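Take these sequences, add in the hints, and give me the full structure.
Residue numbers (UniProt numbering), protein chains in the order written: chain A, 1 to 291; chain B, 1 to 365.
Honestly, I wouldn't trust all of these hints.
[What the hints assert, rightly or not] Using 16 Å as the maximum straight-line C-alpha spacing, the simulated EDC-like pairs for lysine to aspartate or glutamate come out as follows:
no.	chain 1	residue 1	chain 2	residue 2
1	A	K74	A	D47
2	B	K36	A	D125
3	B	K39	A	D125
Since the hints were derived computationally from the structure, they do not count as laboratory data. Since the model is a prediction, treat every value here as computed from it, not as a measurement.
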Amino acid sequence: MTATTAPAAGVWGAVWQGLTRSTSGFLGLCLVLGVLVFSFAGPLLVDTRNPTDIDLIWGPMNAEHWLGTNHEGKDTFVQLVLGGREPIWVGVVAALITVAIAVVLGGIAGYVRGCVDHFLLQLTDITMTIPFIVLMLVIASFYRTASPLMVAFIIGLVTWPYLMRSIRAQVLSLREREFVEAARLQDLGTARILFVEVLPNMAGYVFINFIIAITNAIYAVVGMYLLGLLPSTADNWGLMIQQAWDNNAFLLPTATPFLVAPMVMIMLFQIGLVTMSRSLEQALNPRLRDR
Amino acid sequence: MATDTAASPPPPDAPASAADPPSLPWRVWRHHLFVKVRKSVVVVFVVANVTFFLARAMPGDPIDVMAGRLTQGGMSMDEARVIATNSLAFDPDAPLWRQWWDFFVGLVTLDLGNTITRPAVGVAEAIAAYLPWTLFSIGVGTVVSIVLGLSLGMVMAYRRNRFLDHALSVAASVLGAVPNYLIAMLLVVGGGLYLGWFDPVALRGTVSPGVTPGFTAEFVGDAFYHAGLPILTYVLAIVGTWMLVMKASTTEVLGEDYVTVARARGLRDGRIAFAYVGRNAVLPLVAQIAISFGTLVGGAVFVERVLVYKGVGGLLLDAVNYRDYPLLQGLLIIVTACVVAANLVADLLYSRLDPRISDQGAATP
Numbered sequence: 001m002t003a004t005t006a007p008a009a010g011v012w013g014a015v016w017q018g019l020t021r022s023t024s025g026f027l028g029l030c031l032v033l034g035v036l037v038f039s040f041a042g043p044l045l046v047d048t049r050n051p052t053d054i055d056l057i058w059g060p061m062n063a064e065h066w067l068g069t070n071h072e073g074k075d076t077f078v079q080l081v082l083g084g085r086e087p088i089w090v091g092v093v094a095a096l097i098t099v100a101i102a103v104v105l106g107g108i109a110g111y112v113r114g115c116v117d118h119f120l121l122q123l124t125d126i127t128m129t130i131p132f133i134v135l136m137l138v139i140a141s142f143y144r145t146a147s148p149l150m151v152a153f154i155i156g157l158v159t160w161p162y163l164m165r166s167i168r169a170q171v172l173s174l175r176e177r178e179f180v181e182a183a184r185l186q187d188l189g190t191a192r193i194l195f196v197e198v199l200p201n202m203a204g205y206v207f208i209n210f211i212i213a214i215t216n217a218i219y220a221v222v223g224m225y226l227l228g229l230l231p232s233t234a235d236n237w238g239l240m241i242q243q244a245w246d247n248n249a250f251l252l253p254t255a256t257p258f259l260v261a262p263m264v265m266i267m268l269f270q271i272g273l274v275t276m277s278r279s280l281e282q283a284l285n286p287r288l289r290d291r
Numbered sequence: 001m002a003t004d005t006a007a008s009p010p011p012p013d014a015p016a017s018a019a020d021p022p023s024l025p026w027r028v029w030r031h032h033l034f035v036k037v038r039k040s041v042v043v044v045f046v047v048a049n050v051t052f053f054l055a056r057a058m059p060g061d062p063i064d065v066m067a068g069r070l071t072q073g074g075m076s077m078d079e080a081r082v083i084a085t086n087s088l089a090f091d092p093d094a095p096l097w098r099q100w101w102d103f104f105v106g107l108v109t110l111d112l113g114n115t116i117t118r119p120a121v122g123v124a125e126a127i128a129a130y131l132p133w134t135l136f137s138i139g140v141g142t143v144v145s146i147v148l149g150l151s152l153g154m155v156m157a158y159r160r161n162r163f164l165d166h167a168l169s170v171a172a173s174v175l176g177a178v179p180n181y182l183i184a185m186l187l188v189v190g191g192g193l194y195l196g197w198f199d200p201v202a203l204r205g206t207v208s209p210g211v212t213p214g215f216t217a218e219f220v221g222d223a224f225y226h227a228g229l230p231i232l233t234y235v236l237a238i239v240g241t242w243m244l245v246m247k248a249s250t251t252e253v254l255g256e257d258y259v260t261v262a263r264a265r266g267l268r269d270g271r272i273a274f275a276y277v278g279r280n281a282v283l284p285l286v287a288q289i290a291i292s293f294g295t296l297v298g299g300a301v302f303v304e305r306v307l308v309y310k311g312v313g314g315l316l317l318d319a320v321n322y323r324d325y326p327l328l329q330g331l332l333i334i335v336t337a338c339v340v341a342a343n344l345v346a347d348l349l350y351s352r353l354d355p356r357i358s359d360q361g362a363a364t365p
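Below, the structure is given as structure tokens:
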């Protein structure tokens, strides 16, 4: 009992320490929380109707429209507040799927070894060789009318191999430890040893990679919106950027907020996540922790 | 890739006793490089077949897509389908196995076939017109970012915890976190609209109209002028990663005994920095160059679309949108082959640079 839960609790303590101990880690955490509050609490505070107004096409910034209006005369700030939810939760779900696949397959490959390992490695070789954007492009076009959840699944299905490889390598080294040996002697069963004894030791590492997977997924989601490969739904930062770009907003100074505001939000979120993951890596680096 | 050889079981038909000298065909078969090449061919073959079925699984075929577009112009559906069927080199009634057999024969005979949407144009021809531009912009971007990133990373490691190190670290983190297509957009808005350094519309395409290709100063200059924004985007997007990785690698090497010994021997700092520290710090990064190349080829789809640069990225998007199966297959095969080739070169380079890896690899007992 204690052998398995103690390291996990220690990990969450260490995650908190890693984020608050260094200035950059703390700033990253603040950025991420700020963007999350803006996107998830903000919609409760603005008027969500946001009507189109032909008289206000590409209107400038003023007291009534803080960030001006877009090509349809809609208020840019309201769209900005409403547009964060979808890319963020699609990114998080996609990252969860990536990490789940990588942990399960990496754990099995590293623990069972033999021909299962061989087959899974061959699979990662092939998946890694196809540039992942290309693969996603093709898959996404099957589901041109896909729900956001489907998009998350597509991204998750394409991006697991790198993480799977490093988890496999760590399981290979962990499986030789005494406590795993002890569990094997007790005949606890492969699944139990793997998921209860071996994998909790990598919780910190998996968490760092979960954060990195979110940044990759958001890169992919916004990129696919940019290419017009995803169905246009309600307000969405990726869609705002695409509409701004396709309406030549880069030629018009009053159109700049509509293009740049969602870009800034995405960049702040990504920078926050990357800074967080860097600080955590220094605090939780498995190479430093294990030796 | 390197871990595979260790995990693979010994081949059942291995020479029975160590006393027998292995035959030449056997040595070739087990040669490190040959094993890699064999594996690469298998990967490309599997990818090609996966692409074939992925492409066919997409909803709608080329005729549907073209007919759909024609009906938007007010034409009736039946009329549109007849026109589409006549103008496209695609038989919607051919069974899947027949299409696969044609594709397979083409693959084996290295014939990529003709495009569907422009029946007279060969796939190889179409790709040959676009691929050089992508390889040119990505190649120059990779080289510049590596040279810049490695030098800056080494400077950061030598100036650890000074102001320069902190400033460069922040810059590298920020650059590494921003998606490449957003960097491209910021360059266009900032440099084009606000600073007025260039006209983003005139920069579209790979060369200006009227400039004839050839090894003339005008053509080369114009090509670099148009590729400037994509190259700058690629450099900014990846230089940060190289800086941070090189800094970590150099820091590790600086703690090694041989560096201390070299210092104690009174060698000049410049010599230590290049012959000892630099060389050993770069070594572990060589394999990553190939990976970075592969990621860039994928990212080119976004960057080329944003900057309207006529490379394979835009061609690929067209192939997907118009369901041009042969073009899509050909592009994926070529792009995969490029990435696989980059991996092979990285492997070779690595074994040249690191004396501990003999190119006999797993074959030597």
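Each hint tested on the structure:
1. K74/A to D47/A: holds, 12 Å
2. K36/B to D125/A: This hinted pair holds, its Cα atoms lying about 12 Å apart.
3. K39/B to D125/A: Since the Cα atoms of K39/B and D125/A sit roughly 10 Å apart, the hinted pair holds (cutoff 16 Å).
Consistency with the previously given hints is maintained throughout, with no hint failing.
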